[in-house]
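Asker: What follows is each chain in one-letter form.
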Amino acid sequence: MYRPTLRSTLLSLSLLIAACRDSNVDAYRVPKEKDVALRDTVATATSTPATGPAGAPVAAPGAGMAGTPVATASGPGLSWTAPAAWQSKPLGAMRKGSYNITGEAGASADLSITAFPGAVGGEFANVNRWRGQLGLAPIAEADLTSAVTHLSQNGLTLTFVDLAGTEAANPQRMLGAMVPYDGAMWFFKLSGPDALVVATRPAFLEFLKTVKAPAPANP
Amino acid sequence: MKTILRDIRDFCVSLKLTVALLVLGMLLVFAATLDQTNLGIWGIQQKWFRSFVVFQDVRGVGLPIYPGGYLIGGLLLINLVAAHIDRFKFNWRKAGIFLTHAGLILLLVGELLSGLWQEDFNMRLSNGDTKNYAESYRFNELAITDTTDPSFDDVVTIPETLLARHESVQHPKLPFRVVIKAYYPNSLLQMRAADGPPSLATAGLGLGIVAAPQPVTYKQDESNTPTAYVEFTAPDASPGTFLVSTGLVEPQRFNYAGRSWKITLRAKRIYRPFSLTLLKFNHDSYAGTDIPKNFSSRIRITTPDGRDDREVLIYMNNPLRYAGLTFYQAGFENNDRTTILQVVRNPSWVLPYVACSLMALGLLGQFGIHLVGFVQKRRAKSFVAAVA
Numbered sequence: 001m002y003r004p005t006l007r008s009t010l011l012s013l014s015l016l017i018a019a020c021r022d023s024n025v026d027a028y029r030v031p032k033e034k035d036v037a038l039r040d041t042v043a044t045a046t047s048t049p050a051t052g053p054a055g056a057p058v059a060a061p062g063a064g065m066a067g068t069p070v071a072t073a074s075g076p077g078l079s080w081t082a083p084a085a086w087q088s089k090p091l092g093a094m095r096k097g098s099y100n101i102t103g104e105a106g107a108s109a110d111l112s113i114t115a116f117p118g119a120v121g122g123e124f125a126n127v128n129r130w131r132g133q134l135g136l137a138p139i140a141e142a143d144l145t146s147a148v149t150h151l152s153q154n155g156l157t158l159t160f161v162d163l164a165g166t167e168a169a170n171p172q173r174m175l176g177a178m179v180p181y182d183g184a185m186w187f188f189k190l191s192g193p194d195a196l197v198v199a200t201r202p203a204f205l206e207f208l209k210t211v212k213a214p215a216p217a218n219p
Numbered sequence: 001m002k003t004i005l006r007d008i009r010d011f012c013v014s015l016k017l018t019v020a021l022l023v024l025g026m027l028l029v030f031a032a033t034l035d036q037t038n039l040g041i042w043g044i045q046q047k048w049f050r051s052f053v054v055f056q057d058v059r060g061v062g063l064p065i066y067p068g069g070y071l072i073g074g075l076l077l078i079n080l081v082a083a084h085i086d087r088f089k090f091n092w093r094k095a096g097i098f099l100t101h102a103g104l105i106l107l108l109v110g111e112l113l114s115g116l117w118q119e120d121f122n123m124r125l126s127n128g129d130t131k132n133y134a135e136s137y138r139f140n141e142l143a144i145t146d147t148t149d150p151s152f153d154d155v156v157t158i159p160e161t162l163l164a165r166h167e168s169v170q171h172p173k174l175p176f177r178v179v180i181k182a183y184y185p186n187s188l189l190q191m192r193a194a195d196g197p198p199s200l201a202t203a204g205l206g207l208g209i210v211a212a213p214q215p216v217t218y219k220q221d222e223s224n225t226p227t228a229y230v231e232f233t234a235p236d237a238s239p240g241t242f243l244v245s246t247g248l249v250e251p252q253r254f255n256y257a258g259r260s261w262k263i264t265l266r267a268k269r270i271y272r273p274f275s276l277t278l279l280k281f282n283h284d285s286y287a288g289t290d291i292p293k294n295f296s297s298r299i300r301i302t303t304p305d306g307r308d309d310r311e312v313l314i315y316m317n318n319p320l321r322y323a324g325l326t327f328y329q330a331g332f333e334n335n336d337r338t339t340i341l342q343v344v345r346n347p348s349w350v351l352p353y354v355a356c357s358l359m360a361l362g363l364l365g366q367f368g369i370h371l372v373g374f375v376q377k378r379r380a381k382s383f384v385a386a387v388a
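Same order as they appear, the protein sequences are chains L and Z. The first sequence begins at 1 in the numbering used here and counts up by one. The second sequence begins at 1 in the numbering used here and counts up by one.
Hints listed in this document are in silico derivations from the structure and should not be mistaken for laboratory results. Please note: incorrect hints may appear among the correct ones.
Pairs of lysine-lysine residues, derived as DSSO-like cross-links and limited to a Cα-Cα distance of at most 27 angstroms, are as follows [as the list claims (entries may be wrong)]:
{"hint": "1", "chain 1": "Z", "residue 1": "K262", "chain 2": "Z", "residue 2": "K280"}
{"hint": "2", "chain 1": "Z", "residue 1": "K94", "chain 2": "Z", "residue 2": "K131"}
{"hint": "3", "chain 1": "L", "residue 1": "K89", "chain 2": "L", "residue 2": "K212"}
{"hint": "4", "chain 1": "Z", "residue 1": "K381", "chain 2": "Z", "residue 2": "K94"}
{"hint": "5", "chain 1": "Z", "residue 1": "K94", "chain 2": "L", "residue 2": "K32"}
{"hint": "6", "chain 1": "L", "residue 1": "K32", "chain 2": "Z", "residue 2": "K219"}
{"hint": "7", "chain 1": "Z", "residue 1": "K219", "chain 2": "L", "residue 2": "K212"}
{"hint": "8", "chain 1": "Z", "residue 1": "K131", "chain 2": "L", "residue 2": "K32"}
{"hint": "9", "chain 1": "Z", "residue 1": "K262", "chain 2": "Z", "residue 2": "K173"}
{"hint": "10", "chain 1": "Z", "residue 1": "K280", "chain 2": "Z", "residue 2": "K94"}
{"hint": "11", "chain 1": "L", "residue 1": "K189", "chain 2": "L", "residue 2": "K209"}
{"hint": "12", "chain 1": "Z", "residue 1": "K280", "chain 2": "Z", "residue 2": "K131"}
{"hint": "13", "chain 1": "Z", "residue 1": "K293", "chain 2": "L", "residue 2": "K32"}
{"hint": "14", "chain 1": "L", "residue 1": "K89", "chain 2": "L", "residue 2": "K189"}
{"hint": "15", "chain 1": "Z", "residue 1": "K89", "chain 2": "Z", "residue 2": "K293"}
This structure is a prediction, so every number in the text was calculated from the model and none was measured.
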């Protein structure tokens, strides 16, 4: 007899407590504060005021992607030594490193180094993501072992793939490597015209050998 | 009516209920510990302990599977209080038991209040930095800031919970309506391919970055990157749809209605009417070794009215308690140049201390009373034996 009463009381109490949780829109005034400082290597904002039609939104200075740091892996991160011939480029939104590799007849390939917190889906998902970028069909998880090569050096184990695109007119190729480090997944991706990427493969593999974790700091 | 009331009383004071609740409590801890592998420590606290009913997701439907910590703890509390009122007849010989149970009741109430009121934040300060706000570990907010005035910013914050519910917001301080077009609790930000599918965003960084939804992670060493596509609509020219994400560190800016705006999805902030400046972070090791000995932050507290301007030292096990907040030395980064302080707001923080003191005092008192009684009885026996 008393159960419905007890139950309804508890239900009302739970709703009351749930309503107490903060989910309100707040408005307040604070002293002017500086935005997050951009990294040294990132293009800084200019002081030119944005212009545009009256009342219409316009992109503000510094709003371009090149000027936008993205939360990637924190901490000192991995380091590497790139060949002198590879031209260092300004870092994009999510890049830890960025290089342009040029070949014959004006061909150029792009090497990007990025890092994201967590496992970012793991090896299997990332290999298929890269395959998708080249228009290749995804592989089954059972085929992953044969599709990748593991490279161990400097205490790191990198997962390396060599993927050739299917486009006959303008064949593309991608060399990718990923390595988990310090709670983040680091990606090294070289992509561009097939001939240039094939020619760069030995240098890329040598480059991967230079990837290393920072010397252990004092705890 | 009298029967119903008697039934309720019998149920509340029942010793069987006590035993049943204690068993349910043990099973709750066991099940929650197993579930920790799926949800992480914070997730299971919310799901198993800080809830009245534990719901399990079965093919998209939340099914109630077990009484939650609030229900079990709440019933235990009712049971304990009711049993005392119904059965307990106070006399000084039982004062210790009374005090111990009062402590237990206070402990249960304290845990309930902590669950309801406690909030954890963190404050990252590099040497020389001054901040008057702390940031939440768990909760995020969409901050829309009117930056037109050179001396101050007007901020409107929308909690992530409203983004998740796709609730539109029209605030008197905003000349536009905020409409949530999409929300992902976790996402992977990627460069958008030139020939990729069209973006939901019509302005800002979302034109070049795309967010791929990811499963929510509960692992201790991973964090989620919530992302939303937010449209600002107005009767005349709409500012457009922007991609906002905690993965984007730098705010995005636009001009609208003659004012300058910036938007960012960031950790929820609490502002306080005082500032903390990190004067020096110290990381000491034992001489000749790399073994850490102590981490400490020399902090300067200042209030705008000048009533407080002093230096304090926060180090391990020696937090700063100030203005209802407790600042613990939690960590450091950036090659020993940045300190991380855990900031806890818990108005009921003192209750567990009082509860434990009461219980200790009660147990000591009760044992003391029994000891004295026992010794007196023994003396009387030996006296009788000696006389007889």
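Asker: Now, for every hint given, state plainly whether the structure supports it.
Answerer: Hint by hint, here is what the structure shows:
The hinted pair formed by K262 (chain Z) and K280 (chain Z) fails the criterion: a straight-line CA distance of about 32 angstroms is larger than 27 angstroms. Of the pairs offered as hints, the one joining K94 (chain Z) and K131 (chain Z) is violated, with about 53 angstroms between alpha carbons and a cut-off of 27 angstroms exceeded. Taking the CA atoms of K89 (chain L) and K212 (chain L), the gap is about 21 angstroms. The hint holds against a cut of 27 angstroms. Our distance criterion of 27 angstroms between C-alpha atoms is met by K381 (chain Z) and K94 (chain Z), whose separation comes to about 24 angstroms.
The straight-line distance between the Cα atoms of K94 (chain Z) and K32 (chain L) is roughly 62 angstroms, outside the 27 angstroms bound, and the hint therefore fails. At most 27 angstroms may separate the alpha-carbon atoms for a hinted pair to count; K32 (chain L) and K219 (chain Z) exceed this at roughly 36 angstroms. Only pairs whose Cα atoms come within 27 angstroms are accepted, and K219 (chain Z) paired with K212 (chain L) is accepted, the gap being roughly 26 angstroms. This hinted pair checks out: K131 (chain Z) and K32 (chain L) have alpha carbons roughly 12 angstroms apart, not beyond 27 angstroms.
Distance hint between K262 (chain Z) and K173 (chain Z) is fulfilled; the C-alpha atoms sit about 14 angstroms from each other, no more than 27 angstroms. At most 27 angstroms may separate the alpha-carbon atoms for a hinted pair to count; K280 (chain Z) and K94 (chain Z) exceed this at roughly 54 angstroms. Simply put, K189 (chain L) and K209 (chain L) have alpha-carbon atoms about 15 angstroms apart, close enough for the 27 angstroms limit, and the pair holds. Restraint check for K280 (chain Z) and K131 (chain Z): satisfied, since their Cα atoms lie roughly 15 angstroms apart, inside the 27 angstroms limit.
Annotation: proposed proximity of K293 (chain Z) to K32 (chain L) is violated, straight-line Cα distance about 39 angstroms (limit 27 angstroms). Straight-line distance between C-alpha atoms of K89 (chain L) and K189 (chain L) comes to about 14 angstroms, which keeps the hinted pair within the 27 angstroms bound. Under the criterion of a C-alpha separation no larger than 27 angstroms, the hint pairing K89 (chain Z) with K293 (chain Z) is inconsistent with the structure, at around 54 angstroms.
Going through the hint list in order, the structure does not satisfy hints 1, 2, 5, 6, 10, 13, 15.
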